[in-house]
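When you get a sec, could you build the whole thing from the sequences and use the hints?
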Amino acid sequence: MGSGNGFYSGGEFSLDPKWLVDPKLLFVGPKIGEGAHAKVYEGKYKNQNVAIKIVHRGDTPEEIAKREARFGREVAMLSRVQHKNLVKFIGACKEPVMVIVTELLLGGTLRKYLLNIRPRCLDAGCYRICS
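For reference, each letter of the sequence shown is one residue, going 71 to 201 in the numbering used here.
Hint data in this document are derived by calculation from the structure and do not stem from the laboratory.
Warning: the hint list may mix true and false statements.
[Claimed, not checked] Taking lysine-lysine and the DSSO-like style, the derived pairs with C-alpha atoms no more than 27 Å apart in a straight line are: (1) K154 to K136; (2) K101 to K114; (3) K88 to K164; (4) K136 to K116; (5) K158 to K114; (6) K94 to K116; (7) K123 to K109; (8) K114 to K88; (9) K154 to K182; (10) K154 to K114; (11) K114 to K164; (12) K164 to K123; (13) K158 to K88; (14) K182 to K158; (15) K136 to K123; (16) K123 to K94; (17) K154 to K116; (18) K88 to K182; (19) K109 to K158; (20) K154 to K101; (21) K164 to K116; (22) K154 to K88; (23) K94 to K164; (24) K101 to K123; (25) K154 to K109; (26) K136 to K101; (27) K116 to K101.
[Unchecked claim] Beta-carbon label-pair distances, calculated as ranges: (28) R127 to L90: 12 to 22 Å; (29) L176 to T130: 35 to 45 Å; (30) K88 to V157: 12 to 22 Å; (31) S84 to T179: 28 to 38 Å; (32) L176 to K136: 27 to 37 Å.
C-beta atoms are modelled at their ideal positions from N, C-alpha and C, and glycine is treated no differently.
What follows is the structure, encoded as structure tokens:
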């Protein structure tokens, strides 16, 4: 059932009670991101601004098993890491839907940030010097 920390083992996982989020206390606000298997919303949990990732379980038994396993690995990893440069994990729940709750970071997406800091094209004068 669980690993050494009571969290994830193989294809089955259980949530450690200290990380269990009560879905009744989640307020889901506007969508702020989307991927192939999940959507991320701005929201509130216990009066704290949070990011709420809602994972789509899948349509077939195979998809469901794969996504539940991936969800279990992601939650296990998030619950173990703490660093000032990483988003803070608040908790998760797997029923009625698979949800991961983290602190909400303002300032846009990582993609937008990386696009803004990458080097700009050289102007014509710099290009001639380099040629």
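Quick rundown of the hints versus the structure:
1. Note on K154 and K136: the hinted pairing is violated, with a Cα-Cα distance of about 31 Å set against a maximum of 27 Å.
2. The suggested pairing of K101 with K114 holds, with an alpha-carbon distance near 13 Å, which does not exceed 27 Å.
3. For a cut-off of 27 Å, the pair hint linking K88 to K164 stands: about 14 Å separates their Cα positions.
4. Distance hint between K136 and K116 is unfulfilled; the C-alpha atoms sit about 31 Å from each other, more than 27 Å.
5. Proximity of K158 to K114 is assessed by CA-CA distance (about 14 Å); at most 27 Å being required, the pair is judged to hold.
6. Pair hint K94 plus K116 holds up; C-alpha atoms about 10 Å apart against a cutoff of 27 Å.
7. With a C-alpha separation of about 6 Å, the suggested pair K123 and K109 falls inside the 27 Å cut-off, and the hint holds.
8. Only pairs whose Cα atoms come within 27 Å are accepted, and K114 paired with K88 is accepted, the gap being roughly 18 Å.
9. The suggested pairing of K154 with K182 holds, with an alpha-carbon distance near 21 Å, which does not exceed 27 Å.
10. A hinted pair counts as satisfied when its Cα atoms are at most 27 Å apart, and K154 with K114 qualifies at roughly 21 Å.
11. Restraint check for K114 and K164: the C-alpha separation of about 18 Å stays at or below 27 Å, so the hint holds.
12. Taking the CA atoms of K164 and K123, the gap is about 12 Å. The hint holds against a cut of 27 Å.
13. Restraint check for K158 and K88: the C-alpha separation of about 15 Å stays at or below 27 Å, so the hint holds.
14. At most 27 Å may separate the alpha-carbon atoms for a hinted pair to count; K182 and K158 meet this at roughly 21 Å.
15. For the hint linking K136 to K123, the alpha-carbon distance of about 17 Å falls within 27 Å, and the restraint holds.
16. The suggested pairing of K123 with K94 holds, with an alpha-carbon distance near 15 Å, which does not exceed 27 Å.
17. For the hint pairing K154 with K116, the CA-to-CA distance comes to about 22 Å; that is within 27 Å, so the pair holds.
18. Of the supplied pair hints, the one linking K88 and K182 is violated, its CA atoms being roughly 34 Å apart against a limit of 27 Å.
19. With a C-alpha separation of about 18 Å, the suggested pairing of K109 with K158 holds against the 27 Å cut-off.
20. In summary, the hint linking K154 to K101 is supported, as the alpha carbons are separated by about 25 Å, within the 27 Å threshold.
21. With a C-alpha separation of about 18 Å, the suggested pairing of K164 with K116 holds against the 27 Å cut-off.
22. For a cut-off of 27 Å, the pair hint linking K154 to K88 stands: about 21 Å separates their Cα positions.
23. Pair hint K94 plus K164 holds up; C-alpha atoms about 13 Å apart against a cutoff of 27 Å.
24. For a cut-off of 27 Å, the pair hint linking K101 to K123 stands: about 10 Å separates their Cα positions.
25. Simply put, K154 and K109 have alpha-carbon atoms about 25 Å apart, close enough for the 27 Å limit, and the pair holds.
26. Of the pairs offered as hints, the one joining K136 and K101 holds, with about 24 Å between alpha carbons and a cut-off of 27 Å not exceeded.
27. Taking the CA atoms of K116 and K101, the gap is about 19 Å. The hint holds against a cut of 27 Å.
28. A hinted range of 12 to 22 Å holds for the C-beta pair R127 and L90, which are about 18 Å apart.
29. L176 and T130 have their C-beta atoms about 38 Å apart, which keeps the hinted 35 to 45 Å range intact.
30. At roughly 18 Å, the beta carbons of K88 and V157 sit within the given window of 12 to 22 Å.
31. Between S84 and T179 the CB atoms are about 32 Å apart, so this pair conforms to the stated range of 28 to 38 Å.
32. The beta-carbon spacing between L176 and K136, approximately 33 Å, falls within the hinted interval of 27 to 37 Å.
Checked against the numbered hints given earlier, the structure breaks hints 1, 4, 18 and satisfies all the rest.
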